[in-house]
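Novice: All chains, please: the whole structure from these sequences, using the hints.
Residue numbers (my numbering), protein chains in the order written: chain A, 1 to 402; chain B, 403 to 612; chain C, 613 to 895; chain D, 896 to 1102.
Mixed in with the good hints there might be a few duds.
Pulled a few chain D residues facing chain A out of the computed Cβ check, cut under 8 Å [stated by the list, open to error]:
| # | residue |
| --- | --- |
| 1 | VAL1000 |
| 2 | GLN1013 |
| 3 | ARG1021 |
| 4 | LEU1025 |
| 5 | PRO1026 |
| 6 | PHE1048 |
| 7 | SER1049 |
| 8 | PHE1071 |
Some chain B residues well away from chain A (every beta-carbon gap over 12 Å; in silico) [as the list claims (entries may be wrong)]:
| # | residue |
| --- | --- |
| 9 | LYS405 |
| 10 | ILE407 |
| 11 | ILE461 |
| 12 | TRP471 |
| 13 | ALA479 |
| 14 | VAL482 |
| 15 | ASN502 |
| 16 | LEU564 |
| 17 | ASP566 |
Simulated from the structure, these hints should not be mistaken for laboratory data. For glycine and all other residues, C-beta sits at the position ideal for the given N, C-alpha and C.
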Amino acid sequence: MKRLMASLLLIAWWQAAAAQEPAPVAPGTLEPPGMVTAVDAPNDEGQAVNVSWERSPQDAGDATAFKGYRIDRAPDRAGPWTEAGFVIGGKTQFQDTGVRAGQTYFYRVAAVAPDDRAAEAGPVGPAVPRAQWFNTSRVNVLVFTGLLSFLIIWYIERAKRGEPLYIRKIQGLDAIDDAVGRATEMGKPILYSFGLGEIRDIVTVASLAILRQVAVRCAEHGTELLVPNWDPIVMAAAQETVQQAYAEPGRPDLYKEGNISFLTTDQFGYAAGVDGMIVRQKPGAIFFLGYFYAEALIMSETGHSVGAIQIAGTTAITQLPFFIASCDYTLIGEEMLAASCYIKRDPQLLGSLKGEDLFKAALILGFAAMAVMGTASVILDNGGSPGLLRVFRAIGEWFATV
Amino acid sequence: MKKEIPLLITFLTGVIIVVTFFIPHQPFGGMQQRLLIWYSIVLGFTLLLGVDNLLRGNIRRMARRQAGWGYAAVLMAGFVICFVAGVVSLARHNSLIALNGPFMYVYTYMIVPLQATMFALLAFFIASAAYRAFRARTLEATLLLITAAIVMLGRVPVGAELWDKLPQIQDWIMEVPQMAAKRGIFIGIALGTIAMSLRVILGLERTYLS
Amino acid sequence: MNFFEKLVSLDRRFIYLSLGLAVIIPIVFKLVLPVRVSEPVRAAYESIERLTEGSTIMVSIDYDASSEPELQPMLLSVLRQCFAKRHKVVLLGQWPLGLPFGEIGLNAVSGEFNARASSNADSIVYGRDYVNLGYRPGYRALMVGLGREFRDFFAADYRGTPLDNLPLMRGVHNYNNIDLLVGLEAGQAGDEWIQYAGARYGLNIVIGSTGVVAPDMFHYLQAKQIKGLVGGLQGAAEYETLVKHPGTGTAGMVAQSTAHVLLLVFIILGNIAYFVMKGRKQP
Amino acid sequence: MTSVIGTWIAAGLTLAIFSFLYRDNPAYKFAEHLYVGVSAAFAVLYTWAFDIWPMLVEPMILGRGVADPVDRWILIVPACFGLLMLARWIPRVAWLSRWAISLTVGIAAGLGITGQIQGILLPQIRGTLLPMNSIDNIILVVGVITTLVYFYFSVEHKGLVKAGARIGVVFIMASFGASFGYTVMARISLLIGRLNFLVTDWLHLFR
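Specialist: If you want it as structure tokens, here you go:
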């Protein structure tokens, strides 16, 4: 029995090997590629033609035995031919970008051996490059752009009209008042840093709103507020914000412009400067709200070492672990933006946050629904009915980008 | 005038870039490429912005013999050395980064050690911060600590020596739960960026014009 | 002052000193540990290895001296693998301060190959086998623009040679002519490559990144937006193992291990002291 | 010989920066200021060599590599915008720099909208549409959903939402822990790089 199996296997192997063996070809033969096609490249400005072919039998992945394919182009089937491009073996496509929209082109593809002998296939054509008015491969992007724009703009408009939009309570925010209070009791100043954010960073804008709140509390209690800056433009904005905030409870006399200072635009220089302030002035509360890089750790660790209450918030994901470890409260990513809405009630931020939230809700429901559908379709597929699985996959495919 | 024209420029360029994303037909396709080239050119000038501030301040400090003017002189000397080296490299080798040019000498023996060592300091700071600040004070902090410990051990060869399953656990943490949370966070950030971009184009968000 | 009080108020310079020793001793004695290759790194390696000989690979130098120890070994390994497979390398940079590292790497690795070469065909020749385009400002705008035509941004290479005078670049007009991008990333540029060149033009991308950036790349890996991921010095060591040319990545692994263990010991000590002291304060 | 001198310079600067670990001192300050000066010169040189020369001077003034005169002379527009960027240096006309900033902000914002949708939202959503047929898939989808719930601000966090957000926090903290571990690794690597330089490139000069 065993022997029979073995001999059967042997025969099977021999047959398979025989089937794989290429048709006898004289050494040095070069056959042209098969099935050459040339069509207008879709979704473009009409500046390209896609040429494709099947590999020549000699193109077997060995660069020493097969050089590649030369693609020739001509305005007429009869020529004159010019080289449009050359690609290495193993490729079956070429995009010719040396063409003009509306003209007619013919193509031929030649297999080229290392000794530059060529075997041509074609000509094929005519191919006419044309410009398209809409990129059909980007329908999904268009749908999302429209949907998101609508949601965000609509909610901004509603917020502008004064409609109250609910924002949940955010933990770190209550701590702001407590922190200011504690620092006041201890008779210590408060330090506020924007990190290395620029004025056009959304998180800096959000931080300015929180600074205003902090400054109002400081003015009420008569607590000193120090704001060392890395960016001169952010500094100017901070000065304006604090000055206005001090006027609110009627204490403009307490405002000291020198307390909102410019340090340096050097990253480690800034960190060293802030560290120096922390060690010398021993603030009772420190706020790190803005965009931070590697200096986050240096500054927050120093703050921790002098025993200050620290509240941090940033959208810089890489720095969040260090803030979480060394600070008492940390506003994580979008939370920081929401916090500024919560305080400032700015219709723009509020409205766009609401619009984003609605989109998130749709995503959450969508993910859940697709998880159920996917599971069901896998079970049904195992039971022999692949219909649902096909639908499931097609939905996934709709999200494909290229 | 001082705000309207900038707002108009932002609106037009933003809208053109969005529209040309969907419409490849001329003139849109070419318009997009042109704007992208312009962007690249204009952005280069921002590299220069900080330089003037820096030099002016330091020259003033030197001229008035203010406190620390010696360091200002060092700064200016650094600027001059590097600048001259760059000009010589460009003139003699036709390239800033020709390996045998004086600019690359300044790069290799001054810029690289200075910048790299500044960042190497962080290793020490992270060590002392880890010691002082990483306490299992709350459930969140504890969780953070445990994952950090697994990743730190599982990611280096010694982890496999301690327990051969550790690298696999580390890989799994990175590829499944860690990745899932990051995906959520990045979807949120993407939505925030889209909203911000939209407000900027529509002229609702103007802080960048200060 | 008892032991735990001393422990809590440990001088930071003591920590600095022990970390310095933990790193320097393995370096001085050149200790080596075997490196295990993880899946994302193998995937990155395979995506270069599987390409047909002579493919065109673009390498983007998006780092500078601050993260050179992590990313330069990756560049060297990738270049060694590419030149061994006779792939063509097109190098450019998004970080102004980093571009010289690209030139240093190209020069070093092509030199290695040329020292062994016996003929012009065996050699690694500038313009035929590799090109350094240089740096242009623009990030995402540049990445999108290159998708249409390289020459709109790089009319010439970094020495001013027009692209059409370089045999390698003659057929390279946009991402259709690039088989793979290897982005070596210390910051945001990697995300931008993925979003603006990968998603928009279908460019195949492999990312080599610093340890700081690597955790933020796994969601791209799972969504198949990148083909592979080489993360941090450990990733560099794994890649060196795969190309069978150990370098500074592999050499650093023992120091990396000892430093990690030391840090964990410190964290545990810190926590013990914290809990003991906390327990005492609440009698 | 020059490389030996260079290595000594580099080693001296490296040690000067490291001396900061003991305490702030003149050697560190010297090195720090030198760095700022050198990198400022770097910015000037780069702007010339990789922006103004190849992108403006060559195509526009020298007319190299441009066939179409329109392509050549339209470059006056970005050149003017670039110069406007520098208007910040003259306080009286500093506001003109807003024009240039607007151009960059507008283009970046325009790219951002479609880029974030095509580059993040669509592929990341696609990657999350998974059947629940493995533990990994379940954890993945639950992780994404609960993280999104945590960042959902316009409903009160109670009941199911609160539970979801709680789980979300667990995922977020685990991911921050992982980031922390990797960041530690990165920082140590930088130190290894520097000490490697001191030990191999510099100290071996003594031998």
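Novice: Now look at each hint and say whether the structure bears it out.
Specialist: Going through the hints against the structure:
1. VAL1000: holds (7 Å)
2. GLN1013: This interface hint holds because 5 Å falls under the 8 Å limit.
3. ARG1021: holds (4 Å)
4. LEU1025: At about 6 Å, which falls below the 8 Å cut-off, the nearest Cβ of chain A leaves the hint on LEU1025 (chain D) intact, so it holds.
5. PRO1026: holds (3 Å)
6. PHE1048: holds (4 Å)
7. SER1049: The hint holds - SER1049 (chain D) has a Cβ within 8 Å of chain A, the shortest such distance being about 5 Å.
8. PHE1071: holds (4 Å)
9. LYS405: Holds, since 15 Å exceeds 12 Å.
10. ILE407: ILE407 (chain B) clear of chain A: closest Cβ-Cβ about 18 Å, beyond 12 Å.
11. ILE461: The claim holds: ILE461 (chain B) sits with its nearest Cβ about 16 Å from chain A, beyond 12 Å.
12. TRP471: holds (16 Å)
13. ALA479: holds (17 Å)
14. VAL482: holds (19 Å)
15. ASN502: Per Cβ check, ASN502 (chain B) is outside 12 Å of chain A; nearest 31 Å; holds.
16. LEU564: holds (23 Å)
17. ASP566: Holds: least Cβ distance 27 Å, greater than 12 Å.
When each numbered hint is compared with the structure, no violation occurs for any of them.
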